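Student: Sequences and hints are given; from them, build the entire structure.
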Amino acid sequence: MSYTIDTIKKLEAKWQEFWRKSKTFAADSSTKKPKYYVLEMFPYPSGKIHMGHVRNYTIADVIARFKKMQGFEVLHPIGYDAFGQPAENAAIKHKTDPAKWTHRCIDEMHQEFEKMGFSYDWDREIATCDKEYYKWNQWIFLKMIEKGLAYKKASAVNWCPSCETTLANEEVIQGECWRCKTEVKQKDLNQWYLKITDYSERLLEDLETLKHWPERVKTMQKNWIGKSYGVEIYFKVEKTKEALPVFTTRQDTIFGATYVVLAPEHPLVEKLVAGTKEEKAVAQFVEKISHVSKTDRVAGGLKKEGIFTGLYAINPVNNERMPIWIADYVLMEYGTGAIMAVPTHDQRDFLFAKEHKLPMRIVIKDPKRPDISADDLKEAFEDEGALINSAQFNGIGNVESLEEIADWMEAEEIGKKVIHWRLRDWLISRQRYWGTPIPVIYCDACGVVPVPEKELPVELPEDIKITGEGGSPLAKCKEFVNVKCPKCGKAAQRETDTMATFFDSSWYYLRYISAHNDKEIFDTKDAATWMPVDQYIGGIEHAILHLLYSRFFTKFLNDLKLVKFEEPFTRLLTQGMVLKDGEVMSKSKGNTVDPDAVIGKYGADALRLFILFAAPPEDQLEWNDNAIEGSWRFLSRVWNLAETKYQKDVKDDAPAESDKDLEHDRNVAIKKFTDDIEKGFKFNTAISSIMVLLNSVDKHLKGKQGAKAVSQTAINKTIETVIMLLAPMTPHLCEELWKMLGKKDKTISDVAWPACDESMLVLDEVQIVVQINGKLRAKFQMPVDLSEEELKEVILVDDKVKEYIADKPIKRFIIIPNKIVNIVV
RNA sequence: GGGCAAGUGGUGGAAUGGCAUACACGAAGGACUUAAAAUCCUUUGGCUGAAAGGCUAUGAGGGUUCGACUCCCUCCUUGCCCACCA
Numbered sequence: 029m030s031y032t033i034d035t036i037k038k039l040e041a042k043w044q045e046f047w048r049k050s051k052t053f054a055a056d057s058s059t060k061k062p063k064y065y066v067l068e069m070f071p072y073p074s075g076k077i078h079m080g081h082v083r084n085y086t087i088a089d090v091i092a093r094f095k096k097m098q099g100f101e102v103l104h105p106i107g108y109d110a111f112g113q114p115a116e117n118a119a120i121k122h123k124t125d126p127a128k129w130t131h132r133c134i135d136e137m138h139q140e141f142e143k144m145g146f147s148y149d150w151d152r153e154i155a156t157c158d159k160e161y162y163k164w165n166q167w168i169f170l171k172m173i174e175k176g177l178a179y180k181k182a183s184a185v186n187w188c189p190s191c192e193t194t195l196a197n198e199e200v201i202q203g204e205c206w207r208c209k210t211e212v213k214q215k216d217l218n219q220w221y222l223k224i225t226d227y228s229e230r231l232l233e234d235l236e237t238l239k240h241w242p243e244r245v246k247t248m249q250k251n252w253i254g255k256s257y258g259v260e261i262y263f264k265v266e267k268t269k270e271a272l273p274v275f276t277t278r279q280d281t282i283f284g285a286t287y288v289v290l291a292p293e294h295p296l297v298e299k300l301v302a303g304t305k306e307e308k309a310v311a312q313f314v315e316k317i318s319h320v321s322k323t324d325r326v327a328g329g330l331k332k333e334g335i336f337t338g339l340y341a342i343n344p345v346n347n348e349r350m351p352i353w354i355a356d357y358v359l360m361e362y363g364t365g366a367i368m369a370v371p372t373h374d375q376r377d378f379l380f381a382k383e384h385k386l387p388m389r390i391v392i393k394d395p396k397r398p399d400i401s402a403d404d405l406k407e408a409f410e411d412e413g414a415l416i417n418s419a420q421f422n423g424i425g426n427v428e429s430l431e432e433i434a435d436w437m438e439a440e441e442i443g444k445k446v447i448h449w450r451l452r453d454w455l456i457s458r459q460r461y462w463g464t465p466i467p468v469i470y471c472d473a474c475g476v477v478p479v480p481e482k483e484l485p486v487e488l489p490e491d492i493k494i495t496g497e498g499g500s501p502l503a504k505c506k507e508f509v510n511v512k513c514p515k516c517g518k519a520a521q522r523e524t525d526t527m528a529t530f531f532d533s534s535w536y537y538l539r540y541i542s543a544h545n546d547k548e549i550f551d552t553k554d555a556a557t558w559m560p561v562d563q564y565i566g567g568i569e570h571a572i573l574h575l576l577y578s579r580f581f582t583k584f585l586n587d588l589k590l591v592k593f594e595e596p597f598t599r600l601l602t603q604g605m606v607l608k609d610g611e612v613m614s615k616s617k618g619n620t621v622d623p624d625a626v627i628g629k630y631g632a633d634a635l636r637l638f639i640l641f642a643a644p645p646e647d648q649l650e651w652n653d654n655a656i657e658g659s660w661r662f663l664s665r666v667w668n669l670a671e672t673k674y675q676k677d678v679k680d681d682a683p684a685e686s687d688k689d690l691e692h693d694r695n696v697a698i699k700k701f702t703d704d705i706e707k708g709f710k711f712n713t714a715i716s717s718i719m720v721l722l723n724s725v726d727k728h729l730k731g732k733q734g735a736k737a738v739s740q741t742a743i744n745k746t747i748e749t750v751i752m753l754l755a756p757m758t759p760h761l762c763e764e765l766w767k768m769l770g771k772k773d774k775t776i777s778d779v780a781w782p783a784c785d786e787s788m789l790v791l792d793e794v795q796i797v798v799q800i801n802g803k804l805r806a807k808f809q810m811p812v813d814l815s816e817e818e819l820k821e822v823i824l825v826d827d828k829v830k831e832y833i834a835d836k837p838i839k840r841f842i843i844i845p846n847k848i849v850n851i852v853v
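Take the first sequence: its position 494, counting from 1, is numbered 522 in my numbering, and each next residue is one higher.
Think of the hints as simulated: they come from the structure by calculation, not from any bench.
Do not take every clue at face value.
In silico DSS-like cross-links for lysine-lysine, where the CA-CA straight-line distance does not exceed 27 angstroms [what the hints assert, rightly or not]:
(1) K700 with K688
(2) K673 with K700
(3) K482 with K445
(4) K180 with K264
(5) K38 with K143
(6) K305 with K180
(7) K264 with K382
Cβ pair distances, simulated, as ranges [to be verified]:
(8) K175 with G517: 24 to 34 angstroms
(9) N197 with K316: 20 to 30 angstroms
(10) G338 with E428: 36 to 46 angstroms
(11) P273 with E174: 31 to 41 angstroms
(12) G254 with T35: 53 to 63 angstroms
(13) S318 with K504: 48 to 58 angstroms
Values in this document were obtained by computation on a predicted structure and should not be read as measured data.
From the three backbone atoms N, C-alpha and C, an ideal C-beta is built for every residue, glycine too.
Tutor: Structure (structure tokens):
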């Protein structure tokens with residue numbers, strides 16, 4: 029057989045069918061072997077896979093197959109994150125319904141995965157849009173209501189006018205909708221929230237336990253959770269009974285606070301100015317600001333608008349009168365929506381104070397300019413220094429003073445220490461059709477009534493018209509909406525919002541454990557066997573969203589005593605993006621490469637190999653049409669070597685003199701390949717180690733560079749090793765070659781991973797590099813482990829070395845065993 | 001503005017503080033061929049030299065060290081994330 033694309037296509041199809049039929053990659057929960065759970069972030073079923081999928085899932089597949097050959101019982105499942113808005117849009121466009129469209133896409137996607145040769149346990153395939161799955165979404169939701177973690181609240185929410193739905197804070201990226209990039213508006217709505225904030229502390233603390241997560245992801249989560257220690261200080265408002273709470277992390281600057289600012293939306297604003305002469309102007313200002321979108325308010329940058337209320341607050345530490353202002357740079361969402369302004373030590377306050385000619389007082393001494401006056405400041409001094417103008421705290425370093433001042437404020441009842449979190453509760457209501465119905469009924473008599481557990485699932489009606497004309501389609505479906513109250517039996521209405529799809533993906537890794545269990549969410553015993561996920565692989569774009577939500581769900585399920593662990597994913601690998609011409613591949617840019625076309629031209633194995641070889645998994649990967657030719661060529665070299673140089677049933681084959689050299693190279697390759705994968709999934713260098721081995725075989729076969737002939741036994745052994753090492757990466761080819769060699773294993777994935785013979789790694793002779801004053805001057809071929817005297821005997825008599833040393837005295841003679849000698853003269 | 005990465009040939013990239021540029025792509029030359037493709041062989045950081053060799057080079061500058069792509073400091077550039085967060 030010759031190595032042509034037709035041969036490859038046939039054999040790839042053959043092995044894919046074989047794996048499917050013989051369930052080669054079914055995971056056995058009753059196994060005695062050590063377990064290994066490899067998981068990739070499941071795809072949204074768009075129908076077509078793109079290079080990002082190929083990369084993500086090839087990485088996972090290599091790990092799964094590698095671990096299986098190493099003797100682990102591997103769980104490697106796949107499913108589809110199948111609810112969501114694109115299905116609704118497609119349904120409108122193609123005049124079909126979202127369910128049909130989605131299921132067709134899932135089928136297509138499934139085919140593509142098989143064509144890539146991914147080693148999934150197909151019996152565990154799930155789709156979140158199936159009622160067998162989303163029933164358990166609803167079940168979790170009911171449990172959350174029970175525990176007080178799901179609640180309904182009227183509030184200003186993020187609203188995407190284009191998607192016509194609400195968004196969670198995590199879904200708003202720089203003021204824009206994460207999906208369609210439309211500017212997000214604020215809207216007052218009554219919506220369902222999950223109390224993720226109850227878990228702030230645990231979500232933050234347990235990041236420490238995630239030793240094998242990228243620092244970057246942990247930092248992003250830490251910043252998102254945003255824990256800050258500070259003080260809530262109460263400022264009495266002059267001539268009223270109001271006490272205005274202000275949150276600050278900079279209580280060290282309290283003696284420098286010269287005015288107070290409220291957010292325009294602050295609830296006290298209206299009350300405070302009522303009946304004063306400023307009332308009208310303030311109302312106008314608030315009205316004006318309310319029309320400016322949040323993005324514009326931020327984009328306005330340094331220009332800060334504000335208005336004086338005519339009122340004064342009393343600074344509790346020195347009884348000074350501080351004017352109360354209202355300004356757009358103070359946000360209602362953070363802290364108490366009110367700040368104490370310290371213009372000398374906060375740049376924003378500084379700019380505002382300059383603009384509106386408000387007083388300033390320095391309270392931290394700048395070590396570089398100790399005598400500067402507030403009037404001469406060009407900008408706020410935000411670095412560290414000793415306190416001044418701060419009564420009994422003068423002279424203390426401002427950082428050290430934080431705790432002391434906070435304690436003093438508590439003792440004096442001026443304020444209390446508080447911890448503030450940036451993390452907000454998770455808004456999960458979506459005014460969309462294609463999602464999990466929120467299992468709640470509204471009854472005039474009984475109020476909010478959760479659907480009883482035994483009535484789950486609340487099915488999503490499928491014979492519904494998606495018009496795209498706005499409004500929730502479910503609300504228009506009378507058969508769905510009108511029900512009897514489960515409590516009193518009177519007429520009642522169902523909730524017509526559906527859940528955010530991030531709810532679905534927050535626990536799917538547990539459903540794979542018992543994908544078909546209709547009695548419970550998952551089998552807790554099997555979950556204890558398989559979980560947590562040993563290796564999770566996906567894109568960095570989920571660093572906050574999905575990964576934070578999944579951690580939250582796991583902790584909740586832990587509280588329900590359904591799982592014993594606190595964290596779902598032990599190791600996380602975030603793979604880099606696939607680029608073309610320096611830009612991210614995307615449909616809108618028109619620079620995509622269709623994996624299917626590449627498979628058609630070179631086969632799945634060559635595509636897999638290229639994507640692994642082109643860059644380390646975490647880096648960006650530049651697509652290169654030429655380089656995939658290189659992968660194809662390399663595989664054809666392997667094929668030809670196995671086909672023409674391997675001899676079955678070799679007898680009376682005398683060992684050759686050079687066998688030791690090839691054996692050395694073979695063992696080096698095994699060691700390097702195995703280490704590279706185990707110590708950091710460095711597939712690119714792992715592959716290069718096989719290439720090096722292949723070059724070495726070539727050298728011996730052709731007698732290049734003085735290499736001598738080796739025995740057939742040694743050649744055979746090397747060819748077998750190459751095929752075994754490559755098997756996780758290019759499985760089709762390796763299965764075929766393994767059979768070609770006459771091996772009887774059912775599949776190559778059953779073959780034990782090749783062991784490295786450490787004794788073969790040691791050479792008799794090594795090259796010693798001689799440096800003189802750190803510069804490379806000579807090289808010697810010498811026996812290993814020579815003593816200093818023996819080395820000197822050879823090196824110091826060498827003419828060249830002598831020339832460089834001349835008559836200078838040798839100061840030091842540094843030896844790096846079997847590598848380098850550095851002579852310092 | 002803050003945080004985190006990263007900066008090495010024409011390109012992708014490799015180097016527990018110890019021979020910088022492994023491996024591959026591309027390019028050039030050659031063999032085979034009527035020719036092309038495929039395959040095989042050779043060369044390939046820069047400067048210099050007939051050659052042996054010499055000098056030089058990992059964003060810039062400094063430092064530590066016998067020795068620095070690697071560690072430390074300052075700066076520059078790029079990418080990503082966060083951001084009037086009090």
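Student: Evaluate the given range 48 to 58 angstroms for the C-beta pair formed by S318 and K504.
Tutor: violated (32 angstroms)
Student: Could you say whether the range 31 to 41 angstroms given as a hint is met by the Cβ separation of P273 and E174?
Tutor: holds (33 angstroms)
Student: Is K482 within 27 angstroms of K445, Cα to Cα?
Tutor: violated (47 angstroms)
Student: Between G338 and E428, does the beta-carbon spacing fit 36 to 46 angstroms?
Tutor: With Cβ atoms ~39 angstroms apart, the hint holds.
Student: With a cut-off of 27 angstroms on the C-alpha distance, tell me whether K38 and K143 pass.
Tutor: Between K38 and K143 the Cα gap is close to 12 angstroms, so the pair holds against 27 angstroms.
Student: Measure nothing beyond the straight line between the CA atoms of K673 and K700; if it is 27 angstroms or shorter, mark the hint as holding.
Tutor: holds (24 angstroms)
Student: Please check whether N197 and K316 have a Cβ separation lying inside 20 to 30 angstroms.
Tutor: Holds, since N197 and K316 (Cβ atoms, about 26 angstroms apart) stay within the stated range.
Student: Is 53 to 63 angstroms respected by the C-beta to C-beta distance linking G254 and T35?
Tutor: Holds: the Cβ-Cβ distance is about 58 angstroms, inside 53 to 63 angstroms.
Student: Please work out if K180 and K264 have their alpha carbons no farther apart than 27 angstroms.
Tutor: violated (34 angstroms)
Student: Does the Cβ-Cβ separation between K175 and G517 fall within 24 to 34 angstroms?
Tutor: Hint holds: Cβ distance 27 angstroms, inside 24 to 34 angstroms.
Student: Would you check the hint for K700 and K688, treating anything up to 27 angstroms between C-alpha atoms as holding?
Tutor: Holds: K700 and K688 sit about 18 angstroms apart, inside 27 angstroms.
Student: Would you check the hint for K305 and K180, treating anything up to 27 angstroms between C-alpha atoms as holding?
Tutor: The hint is violated at about 39 angstroms.
In terms of the numbered hints stated before, the structure departs from hints 3, 4, 6 and 13, listed from lowest to highest.
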